[in-house]
Amino acid sequence: MGRGYRSEDALPQDDRRRRFELLALPHLDAAYNLARWLAGNTTDAEDVVQDAYLRAYRYFDAFQGGNFRVWLLTIVRNAFMTWVKENRSGRMVFVPDTPLAESADTEEAAWGSKPRDPEALLMDSIDSQTLSRLMEKLPSDYREVLLLREVEDLSYKEIADVTGTPMGTVMSRLSRARLALRKLWLEHAELENADGM
Amino acid sequence: MECDRAAGMLSPLVDSALGPFTRWRVRRHVAGCTDCADKLEELRAMQSAIRTKLTFHRAPPGLAARIGAALPREAAPAPSRPWFRMPAFSFGSTGLAGALAGVVLTLLVVGGQPQSDLLQDVIGSHIRSLQADHLTDVLTSDQHTVKPWLSARLDVSPAVKELKDQGFPLVGGREDYVDGHPAAVVVYRHDKHVINLFAWASPGRPEEAFRDESRQGFNIVTWRRGGITYYAVSDVEADQLADFAKLVAEGT
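Quick note, the sequences are listed as chains A and B, same order. In this text, residue positions in the first sequence follow this note's numbering: the first is 1, and each later residue adds one. In this text, residue positions in the second sequence follow this note's numbering: the first is 1, and each later residue adds one.
Hints should not be assumed to be uniformly reliable.
Stated by the list, open to error - Partner residues aside, some chain A positions facing chain B, computed with beta carbon under 10 Å:
id, residue
1, Arg19
2, Leu23
3, Leu34
4, Val49
5, Gln50
6, Leu54
7, Val84
8, Thr165
These are calculated hints, taken from the structure and not from any lab test. Yeah, the Cβ is synthetic: ideal placement off N, Cα and C, and Gly gets one too.
Using the sequences provided together with the hints, build the complete structure.
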């Protein structure tokens, strides 16, 4: 190439901020969406994201390359956890695991019984508003893995990195999360049916 | 494999997270078990419902500016304490307009003198294309539309290929500027990632083999062939971008 590349080291110090903005701002929507789903409202979500971005900037030099979005989402999640400790102490936000999973002796049993109307099972017909409401009802660690998996499209390994949990736990938690959402959906569908009659 | 074991494997199957052998065993079980086949179908329907219907909360306008205002002006010193024990930050609402200008300007000034270089330019353009709803001027997955569209506007006729079967569907094309000159950009996707393929005419310059570079979290592969310089930029993994570059260059 006629024009040589410059190494990272050669970038002037005042480029640090610009580099950070170039890298971090495109992920603002992803960061905010995660924070919004975790915190449950816009004001708190904004605080969490702002805090996360300041932290990310401060620790920017520690970013070793790799997937910046995963790195940033990890920080958003940590910022949220800190925020929970500081603002919602005494209020249980993260439920470690639901009785649904613990009471089930087998994987089969975890699925629960089949509903009377098999058509009710398929979520094809769910509308956006209902789905979002059901998601809000989920324990937040379930909601979190579902978001990271389905919305952010992260791999199990990446989810394990973001949440600081082993891969095996990510796998079983996702499985439980889906069953929990399915259960909520079935309950909702049966209520709707009862109302309709 | 029994139902009980298979039932716990359906979720990772949906996520393509099983090894080949387990995947094969679960699939074989599902093929012969209506009960598990129903469950699998349910999980797939749920996955697609979440992916397509769940509310996505976009960052409110002004949040970027507020963050910009809160970022320290000077280069931050190395932290002396772990961040998780940092005291709470306070955010003032001062200098909102200035902050806005700061954020926007720093984004747009990429490539400005004297700190610019080609790579910086290409990355800046890549990022802007992701931000500003300006990914494509011509939005089509038809290579026979994209190529003439680009050729008609620019003095370059870059390779445009449909690579959907190889996992890189064509999204469209765009006219952009790199290093002060117009460049054709062919846009592809890989999963949810965008790949911008920049191309401009370099008549008389020697051919160049593939070259990888990584900067600011983006991977770049460059090469020159047939008097055209190519820069592929994306946040996909370096290996995948290298595969992509080979596919594009093949036969050109």
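Return the status of the interface hint for Val49/A: holds when the least beta-carbon distance to chain B is below 10 Å, violated otherwise. OK, holds: Val49/A within 10 Å of chain B, min 7 Å.
Regarding the hint that Leu34/A lies at the interface with chain B, is the smallest CB-CB distance below 10 Å? Holds - the Cβ of Leu34/A comes within 10 Å of chain B, reaching about 9 Å at its closest.
If you take the shortest Cβ to Cβ gap from Gln50/A to chain B, is it below 10 Å? Given a least distance of 6 Å, the restraint on Gln50/A holds.
Given Arg19/A as an interface hint, is the shortest Cβ-Cβ distance to chain B below 10 Å? holds, 6 Å
Minimum Cβ distance from Thr165/A to chain B below 10 Å? violated, 15 Å
At a threshold of 10 Å, is the proposed contact between Leu23/A and chain B supported by beta-carbon distances? holds, 5 Å
Taking the closest Cβ pair, is Val84/A under 10 Å from chain B? Val84/A check fails; min Cβ-Cβ to chain B is 13 Å, beyond 10 Å.
Chain B contact restraint for Leu54/A - C-beta distance below 10 Å: holds, 5 Å
Checked against the numbered hints listed earlier, the structure breaks hints 7, 8; every other hint is satisfied.
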